[in-house]
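Protein chains in written order, with the numbering used here: chain A, 1 to 109; chain B, 1 to 820.
Note that these hints are calculated values from the structure, not bench results. What you are looking at is a predicted structure, and each value in this text was computed from that prediction instead of being measured. Note that CB positions come from ideal geometry on N, CA and C, so glycine has one too. Hints are supplied without guarantee of correctness; some may be wrong.
Okay, the calculated beta carbon distance ranges per label pair [to be verified]:
#	chain 1	residue 1	chain 2	residue 2	range
1	A	Pro14	B	Ser439	41 to 47 angstroms
2	B	Asp65	A	Gln37	32 to 38 angstroms
3	B	Val716	A	Ser25	24 to 30 angstroms
4	A	Val93	B	Asp65	39 to 45 angstroms
5	B	Lys724	A	Thr11	54 to 60 angstroms
6	A	Ser35	B	Thr393	52 to 58 angstroms
7	B	Ala420	A	Ser35	31 to 37 angstroms
8	A	Ala34	B	Asp496	23 to 29 angstroms
9	A	Gly84	B	Ala446	19 to 25 angstroms
Interface residues of chain A toward chain B, partial, derived using beta-carbon atoms under 7 angstroms [stated by the list, open to error]:
#	residue
10	Met1
11	Thr2
12	Ile5
13	Ile7
14	Arg19
15	Ala34
16	Ala78
17	Pro81
Covered by chain B, according to a simulated footprint, are these stretches of chain A (three or more residues, beta-carbon under 8 angstroms) [stated by the list, open to error]:
#	region
18	8-14
19	20-32
20	48-54
21	58-72
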Amino acid sequence: MTHWIDIAALTDIPKLGSRVVKTQSFDIALFRTASDQVFALRDECPHRRGPLSQGIVHDTTVTCPLHNWKIDLSSGQAKAPDVGCAPSYPVKVENGRVLLSLQEMAQAA
Amino acid sequence: MSKEKLVLIGNGMAGVRTLEELIKLAPESYQISVFGAEPHPNYNRIMLSPVLAGEKGLSDIILNDHAWYAEQGIELISGDAVVRIDRVRRRVIATSGREQAYDRLLIATGARPLIIPLPGHELPGVIGFRDIADVEYMLQAAKQGGKAVVIGGGLLGLEAANGLLKKGMAVTVLHLMDRLMERQLDRAAAGLLQASLEQRGLAFLLQAQTAEILGDDRVRAVRLADGRRLEADLVVMAVGIRPNIELAQDAGIYCERGIRVSDTLQTFDPRIYAVGECVQHRGTCYGLVAPLFEQAKVAANHLAHLGIARYEGSATSTRLKVSGIELFSAGEFNEGEGDETLLLQDPAAGVYKKLVLRDNRIKGALLYGDTLDGSWYFSLLREGADVSDLRKTLLFGQHNLGDAGHGDAGANVMSLPDSAEICGCNGVCKGDIVKAITSKGLFTLAEVQAHTKASSSCGSCTGLVEAILSSLVGEGYSVKPSQKPLCACTDYSHDDLIKGIQQHQLKDMAAVRQFFEWKTPDGCASCRPALNYYLLARWPGDYRDDAQSRFINERAHGNIQKDGTYSVVPRMFGGLCTPAELRAIADVCDTYQVPEMKVTGGQRIDLFGIKKEDLPAIWADLSRAGMVSGHAYGKALRTCKTCAGKTWCRFGTQDSTGLGVKLEQLTWGSWMPHKFKLAVSGCPRNCAEATIKDFGVVCVESGYELHIGGNGGIKVRVTDLLCKVETEEQVLEYCAAFTQKYREEARYLERTAPWVERVGLQYIKDALFDPAQRQALAERFRYAQQFAQIDPWKERAEGAQAHEFNKIALPARDAGLGIR
Ligand SMILES: Cc1cc2nc3c(=O)[nH]c(=O)nc-3n(C[C@H](O)[C@H](O)[C@H](O)COP(=O)(O)OP(=O)(O)OC[C@H]3O[C@@H](n4cnc5c(N)ncnc54)[C@H](O)[C@@H]3O)c2cc1C
Ligand code: SF4
Ligand code: FES
Chain A
1 MTHWIDIAAL TDIPKLGSRV VKTQSFDIAL FRTASDQVFA LRDECPHRRG PLSQGIVHDT
61 TVTCPLHNWK IDLSSGQAKA PDVGCAPSYP VKVENGRVLL SLQEMAQAA
Chain B
1 MSKEKLVLIG NGMAGVRTLE ELIKLAPESY QISVFGAEPH PNYNRIMLSP VLAGEKGLSD
61 IILNDHAWYA EQGIELISGD AVVRIDRVRR RVIATSGREQ AYDRLLIATG ARPLIIPLPG
121 HELPGVIGFR DIADVEYMLQ AAKQGGKAVV IGGGLLGLEA ANGLLKKGMA VTVLHLMDRL
181 MERQLDRAAA GLLQASLEQR GLAFLLQAQT AEILGDDRVR AVRLADGRRL EADLVVMAVG
241 IRPNIELAQD AGIYCERGIR VSDTLQTFDP RIYAVGECVQ HRGTCYGLVA PLFEQAKVAA
301 NHLAHLGIAR YEGSATSTRL KVSGIELFSA GEFNEGEGDE TLLLQDPAAG VYKKLVLRDN
361 RIKGALLYGD TLDGSWYFSL LREGADVSDL RKTLLFGQHN LGDAGHGDAG ANVMSLPDSA
421 EICGCNGVCK GDIVKAITSK GLFTLAEVQA HTKASSSCGS CTGLVEAILS SLVGEGYSVK
481 PSQKPLCACT DYSHDDLIKG IQQHQLKDMA AVRQFFEWKT PDGCASCRPA LNYYLLARWP
541 GDYRDDAQSR FINERAHGNI QKDGTYSVVP RMFGGLCTPA ELRAIADVCD TYQVPEMKVT
601 GGQRIDLFGI KKEDLPAIWA DLSRAGMVSG HAYGKALRTC KTCAGKTWCR FGTQDSTGLG
661 VKLEQLTWGS WMPHKFKLAV SGCPRNCAEA TIKDFGVVCV ESGYELHIGG NGGIKVRVTD
721 LLCKVETEEQ VLEYCAAFTQ KYREEARYLE RTAPWVERVG LQYIKDALFD PAQRQALAER
781 FRYAQQFAQI DPWKERAEGA QAHEFNKIAL PARDAGLGIR
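Using the sequences plus the hints, can you model the full thing?
Encoded structure:
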């Protein structure tokens with residue numbers, strides 16, 4: 001069963017912005033889209049580990065601040081022609097709270 | 001609801017490119033069928049020349065294989081030409097009898113080689129150069145060796161001749177005119193070309209009029225009007241092309257030389273679109289892929305019901321695809337009355353360059369032997385850029401403007417080894433770029449950038465990448481830069497947006513996106529920062545800055561470094577600093593264990609390696625000591641560099657430091673299209689390097705020389721002298737006015753150097769020398785500064801945007817999770 005952790009209020013994350021969740025060994029970036037969808041990715045770009053949380057969010061994509069790779073928020077996959085994947089985590093929003101699980105999702109092929 | 005039916009006639013380059021663009025815009029909108037007369041999937045026709053020369057195989061030039069059509073759900077009916085369009089029943093009928101209904105029809109039937117109806121033109125062994133079948137025929141014929149005659153000394157004829165020669169035939173080119181490629185070359189360049197082709201073994205007969213083709217069961221010889229007779233086992237006719245319009249004509253669609261289309265690529269029957277070589281737009285028929293691809297884009301936009309793009313014609317350029325010969329031609333290179341010609345001739349080196357100027361703008365460019373700068377000249381030509389200030393060095397090329405690093409890449413990129421590094425920022429070698437272009441079938445700079453990363457960072461290698469691209473693709477391939485859409489989210493250019501925001505009083509980003517019919521819901525990382533800037537610059541009092549549309553550096557008011565840490569640079573007005581300030585900086589470094597501090601080139605101190613969470617506390621300490629943000633991270637006013645000046649220096653003529661402080665106090669905090677730097681030197685010894693700054697002042701005994709448009713960055717550019725003034729007040733007013741002009745009119749991410757080059761020094765002088773305009777500009781600048789001169793560090797130290805800097809911790813009972 002998924003272990004959900006109550007992380008923050010939805011409004012703690014700016015629209016088209018992100019927040020960083022600190023775990024003991026790495027950071028997770030929470031993104032909020034214009035339509036209030038929330039996604040969670042390991043805060044490391046598959047290219048050279050750039051902090052994805054610091055990128056610009058547009059639609060359901062974030063552009064890495066270091067070298068402009070575009071990462072799909074729902075899968076963590078880099079957009080073609082780049083290849084690579086940032087691990088993603090299950091998140092959901094319930095009653096205005098953001099719930100996160102730390103079980104890495106199986107990577108989409 | 002069933003989908004609308006789109007039928008494409010002509011499975012060639014322009015038609016299929018239109019489908020590709022359409023699928024990008026509206027993947028689901030049509031059920032698409034394609035009729036192609038050739039039995040192949042879509043291939044790169046341009047590459048037939050290298051195939052004939054044996055440099056490539058047929059399989060290398062397929063652009064979209066059968067699987068692609070299947071994946072897109074497109075029905076491909078190949079090897080079956082359409083013979084009739086029934087506009088009343090909205091159906092097309094093919095040779096096989098097959099019929100297909102359409103809601104919209106796209107005609108892209110291309111062109112056919114012109115075959116002069118000489119006696120004997122129907123003999124076996126006489127052929128045009130157009131498609132795979134022609135190339136296979138020629139390759140087959142060449143296997144027997146023997147003699148070939150190519151009629152026509154234009155681009156295509158020479159490429160055919162070169163191919164046949166390489167395949168072992170003895171080739172003679174017959175040309176009616178007195179020089180080769182007369183539409184692209186002047187006499188001198190044509191002579192050079194002919195000599196080097198002769199050296200390879202081609203023979204030429206100029207002013208040669210073919211009278212008859214002789215033979216019985218197949219071609220044996222060619223007879224000229226003057227009676228000469230040439231043996232021939234193969235005759236290739238390459239004397240021009242004729243748009244394929246019969247099908248359209250028979251259906252009653254209005255045609256002249258080609259099928260007449262409007263700016264939206266619609267024929268006189270609005271359900272029927274046409275693109276490619278079969279089309280005549282504003283009187284012109286194009287025979288190169290670049291303009292056809294622009295047409296494709298516009299047609300797709302309309303087919304997708306977006307209806308905002310317009311095709312307004314293209315400027316074209318030509319390169320000859322004969323490996324080892326460098327030849328570039330664009331525009332009008334035969335000078336007319338009132339034109340000026342710049343000429344460089346170096347016969348020993350085999351180099352010939354000619355530029356034709358009219359009203360200080362490039363009208364034509366012709367390069368032989370060294371074509372590296374072709375793309376640069378072509379972009380100046382398309383921009384209509386004023387080149388008066390470049391004149392002296394224009395012919396020597398772009399690298400002579402001082403292009404750090406790439407200047408000696410040599411005249412010919414294609415002669416570089418595959419291992420040569422082209423893009424220094426991303427470490428991309430020539431071989432990678434060539435491979436991407438040929439294996440993936442790329443045609444545009446944007447595609448090369450996406451696939452290789454080359455030229456996607458600083459841009460200094462763009463010219464080289466373009467040179468590689470066009471030597472492979474064979475011509476100038478991109479849209480007029482000022483019409484280039486800002487990014488993939490829109491069809492509108494920077495200039496359209498700057499103007500539109502003002503004219504239509506668009507005051508927030510949603511309004512702009514709606515007005516200009518953005519294709520994405522909230523833009524992308526390219527357009528959002530640009531729009532945010534344009535709105536901020538235009539409506540300083542009204543527009544509320546959008547943090548989420550700023551690049552992280554500006555959002556966090558520090559420079560992000562490669563390891564994700566930040567650097568902090570406090571402002572030191574005019575480079576002055578007090579012991580207390582120095583102590584405060586030192587204390588910050590101790591308290592927060594800043595790993596490195598460094599004095600920068602802009603006479604300030606940079607603190608490196610700071611964790612984002614520590615930023616607000618550091619700023620609080622610095623602001624207690626009276627220091628504000630140095631904006632070293634922003635598209636903003638950076639520094640004002642100064643020298644010692646009159647107070648101390650024995651040469652100083654004025655108080656350069658004092659003036660520097662005043663200038664920096666005037667301009668700090670101001671957002672710009674790009675970074676912006678000032679400097680003041682106390683005398684012409686110019687210790688503050690004022691002549692490579694965006695706005696520089698050189699003090700002299702009698703006053704102040706003002707300089708603009710300098711750049712010490714990727715491409716060093718020395719300033720232009722704007723004027724001389726007498727008082728500090730005037731310096732400040734000119735500085736404010738110039739800055740504001742740049743802020744209001746330059747494109748986002750365009751520094752003053754390229755901006756000044758683009759609009760021309762005279763244009764800026766005209767505006768600033770008019771007292772009323774100058775004062776109004778300066779006034780608008782001062783007004784905008786009211787809202788800009790707020791120290792962002794202080795605000796954040798006091799808690800603004802706190803979420804940006806605080807990480808969320810896991811609740812205590814989960815804190816151990818996530819360990820690996
Ligand atoms: C050897 C060669 C070298 C070239 N080099 C260059 C170069 O270096 N740079 C450059 O920019 N351009 C070059 N060109 C020109 C470029 O290839 C053309 O401009 C471009 O291919 C035109 O595209 P299009 O779609 O209009 O026509 P095409 O690509 O010719 O496509 C038209 C297609 O329609 C098909 N067709 C015609 N009638 C019918 C019908 N009734 N039913 C079904 N199908 C039909 C034809 O068979 C053909 O496949 C070159 C051309 C050739 C032949
Ligand atoms: S520019 Fe002139 S005044 Fe300034 S330091 Fe140099 S020599 Fe002295
Ligand atoms: S680290 Fe993300 S793009 Fe390079």
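Tested hints:
1. Against the hinted window of 41 to 47 angstroms, the Cβ-Cβ separation of Pro14(A) and Ser439(B) comes to about 42 angstroms, which satisfies the hint.
2. For Asp65(B) and Gln37(A), the hinted distance range of 32 to 38 angstroms is satisfied, since their beta carbons lie about 36 angstroms from each other.
3. At about 46 angstroms, the beta-carbon gap between Val716(B) and Ser25(A) misses the expected band of 24 to 30 angstroms.
4. Here the CB-CB span from Val93(A) to Asp65(B) is close to 44 angstroms, well matched to the stated 39 to 45 angstroms.
5. Remark: the range hint 54 to 60 angstroms for Lys724(B) to Thr11(A) is upheld by a beta-carbon distance near 57 angstroms.
6. In this structure the supplied range 52 to 58 angstroms holds for Ser35(A) paired with Thr393(B), their Cβ-Cβ distance being about 53 angstroms.
7. Distance hint check for Ala420(B) and Ser35(A): the Cβ-Cβ separation is about 47 angstroms, which falls outside the suggested range of 31 to 37 angstroms.
8. In this structure the supplied range 23 to 29 angstroms holds for Ala34(A) paired with Asp496(B), their Cβ-Cβ distance being about 24 angstroms.
9. At roughly 21 angstroms, the beta carbons of Gly84(A) and Ala446(B) sit within the given window of 19 to 25 angstroms.
10. This hint is violated: Met1(A) has a C-beta 15 angstroms from the nearest C-beta of chain B, more than the 7 angstroms allowed.
11. Checking Thr2(A) against chain B by beta carbon gives a least distance of about 12 angstroms; that is not within 7 angstroms, so the hint is violated.
12. Taking 7 angstroms as the C-beta cut-off, the interface hint given for Ile5(A) holds, the closest approach to chain B being about 5 angstroms.
13. Given the 7 angstroms rule on beta carbons, the hint for Ile7(A) holds: about 6 angstroms separates it from the nearest Cβ of chain B.
14. At its closest, the beta carbon of Arg19(A) sits 6 angstroms from a beta carbon of chain B; the interface hint therefore holds under the 7 angstroms criterion.
15. With a least beta-carbon distance of about 5 angstroms to chain B, the hint placing Ala34(A) at the interface is held under the 7 angstroms criterion.
16. Given the 7 angstroms rule on beta carbons, the hint for Ala78(A) is violated: about 12 angstroms separates it from the nearest Cβ of chain B.
17. For the restraint placing Pro81(A) at the interface with chain B, the shortest Cβ-Cβ distance is roughly 5 angstroms, inside the 7 angstroms limit, so the hint holds.
18. Closer than 8 angstroms: that is the beta-carbon criterion, and the region 8-14 of chain A has 4 residues meeting it against chain B, so the requirement of 3 holds.
19. For a cut-off of 8 angstroms, the count of residues in the region 20-32 of chain A with a CB near a CB of chain B stands at 10, and the three-residue condition holds.
20. By the rule of at least three residues with a Cβ nearer than 8 angstroms to a Cβ of chain B, the coverage given for the region 48-54 of chain A holds, with 5 such residues.
21. With a threshold of 8 angstroms between beta carbons, the proposed coverage of the region 58-72 of chain A by chain B holds, since 9 of its residues qualify and at least three are required.
The earlier numbered hints that this structure contradicts are 3, 7, 10, 11 and 16.
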